[in-house]
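Take these sequences, add in the hints, and give me the full structure.
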Amino acid sequence: MTTQKDFVKGNEALALGALKAGMNAYFAYPITPSSEVPETLAREFRSPEYPEFKVFLQAASELEAINMVIGAASTGAKVMTATSGPGFSLKQEGISYAAGMELPILVSNVNRAGPGLGNLGPEQSDYFQTTKGGGHGGYKNIVLAPNSVQEMAAFPGLGFSLAFKYRNPVIILTDAFLGQLKEDIVFPKIPQEKFETPWAATGARGAERHVLASMHLEFVDQNIHAEHLMSKYEEIDRSEQRSEMYMTDDAEIVLVAYGIVSRLARRAVNELRAKGVRAGLFRPVTLSPFPAVELGKLAEKGIGKFIVVELNMGQMIQDVKLAVGGRASVELVHKLGGLLPTSKDVVGRVEVAVR
Amino acid sequence: MTIAQEVAAPEFEVKLGRLTTLTGKPTHYCAGCEHGILTRLVANAIEELDMREKTVYVDSVGCSVFAHEYFNTDAVQAPHGRAPAVMSGIKRMRPDLLVLSVQGDGDAVSIGLLELVYSASRGEPITVFLVNNGIYGMTGGQMAPTTPGGMVTTTTPYGRDTKYTGTPMDASKLLAGLEGPSYVKRVFLPVSPIGSTEMYSARGPLEGAKSVLNALKVQMMGGFSFVEFISTCSINWKMSVLESKRYSNDVLAKAFPPGLFKDKFGVEKK
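For the record, the sequence lines run as chains A and B.
Note that my numbering numbers the first sequence so that position 150 is 150, with each residue one more than the last.
In my numbering, each number is its position in the second sequence, counted from 1, plus 1000.
Derived from the structure by calculation, the hints contain no laboratory data.
There may be inaccurate statements among the hints.
Stated by the list, open to error - Listed below are the simulated DSS-like cross-link pairs for lysine-lysine, each with C-alpha atoms no more than 25 Å apart in a straight line:
1) A:Lys189 x A:Lys165
2) B:Lys1054 x A:Lys54
3) A:Lys232 x A:Lys132
4) A:Lys305 x A:Lys344
5) A:Lys194 x B:Lys1210
6) B:Lys1210 x B:Lys1163
Source: prediction; values computed, not measured.
Okay, here's the thing in structure tokens:
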């Protein structure tokens, strides 16, 4: 196993991580600050190092790209696309269809500031859009939130694994900061999992044929399909909640943060501990399913205050409040427009809260 | 000219009876609608090419949204207008498959024009069959991009004013202007009235059968193929079936004259 360190950008790590996980196809529409993903893949396309990487194709729009993803995924292929907020909005139509058709697709959203065109700085304002469905109809994505370039490299493999296990869209929700950040990493040894795809549309052999459809004209049939999806989401909720905790054992106040912000919050915890404040950090790794069980346990234990740090107007805070269930106070520290709070901002806010 | 002279003998076998490529489920298409004819012609061609087990039919949105109920092949349902993009994804992964869709004019020429134009421009080896009846059928008779000037629809209740809404979009000409496609053809599909008599010629369906087969052959030869079928929609045109055939012949086929726009591989001559 190699321990050679690579100094790579988050977006490059995401692309290479997907290749090392045996990705078969990538369909692109470039958008800043995610464009290094297709650029990296275009360079590696047809490289003998990645024989499984059969298709790299630049589409004419995000709509076209996500629908090419649907087509390729229908054949049972491991397929991914990456984008940023405005492009993710366009891809929502396709993601809703993929959810309805139960296709294993992987989409990365390098979240930039919004709404609208916004700017190219980091935000976490696409939290609702990715974790609460986002497209039309009722469905749930599995949403992974890396917080380092190392995880940007590892999560495509995890994403494919979950996507095929549940036949469900998986979103890697990252941000402009993490996409553009360069760090030393060691590429994880990712097993090139082979997934059974008996459902794929690859030509009817014998009598059996496969129809991948989201439409069931009879209300009763649509109801059966929706109930099936719901029970799948419940299973995902029971089995796939992931989180990390730091210094929460004896904490009196807990910061809750994901992605790049969780690293800033961790630093704030260290600074608070040095000042004698018993602070801890709860970091959701999956945003959907939200790790409500572990967070709920912290509230149950008697921690009285939670401070949610987010780059938005307060979106994840709603999930935190649900998990806490009124057993503690939940407050928001945030920054918008492409800016990040400093650890000093967070420390100051916590000091006021515990005073 | 006699009827016998006008209807040329087919150069291929039109199979009678039940086709393996059809499930046998009765179609939902309205009486007199050419979607039903086209379903049969497509199934016939797939069978002729012995490709049933290697075909993926991509459902469009519109009147052919349920076509997977009729084609006894694998099928994937595309979002509204996006069938050519879905087909591109399938074909890029599995070049050995025969990938096709039947799209309506609202689906292909309005909401899905970008997907159609770019799949054509890339020369994707896929096949799009366009049913052009100049109106939104399944949505209930609204103006389509192909609605002829003056035609009454539910959203042009006083007749389409082309000065205000623009002129009808000619998909065949548009695609023929691109370098990518290998086969672009427009066919008049309905049975057509012969002069002022009450007799109708089957030349349209026969020409349609040949064009469907050629289009699929072109795909198998590695080219993008597109056939536009001038059709009818008697329900939304608010006409009898026979009136609709005459209107299609007199008005729609005048706005969109049939013709062979592109045949890179020369399949029409073979």
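Here's how the hints hold up against the structure:
1. A:Lys189 x A:Lys165: With a Cα-Cα distance of about 20 Å, the restraint between Lys189 of chain A and Lys165 of chain A holds, given a limit of 25 Å.
2. B:Lys1054 x A:Lys54: Cα-Cα ~20 Å, so holds.
3. A:Lys232 x A:Lys132: Cα-Cα ~15 Å, so holds.
4. A:Lys305 x A:Lys344: Answer holds: Lys305 of chain A to Lys344 of chain A is near 19 Å, not above 25 Å.
5. A:Lys194 x B:Lys1210: 43 Å, violated
6. B:Lys1210 x B:Lys1163: 38 Å, violated
The structure is inconsistent with the numbered hints 5, 6, although it conforms to all the rest.
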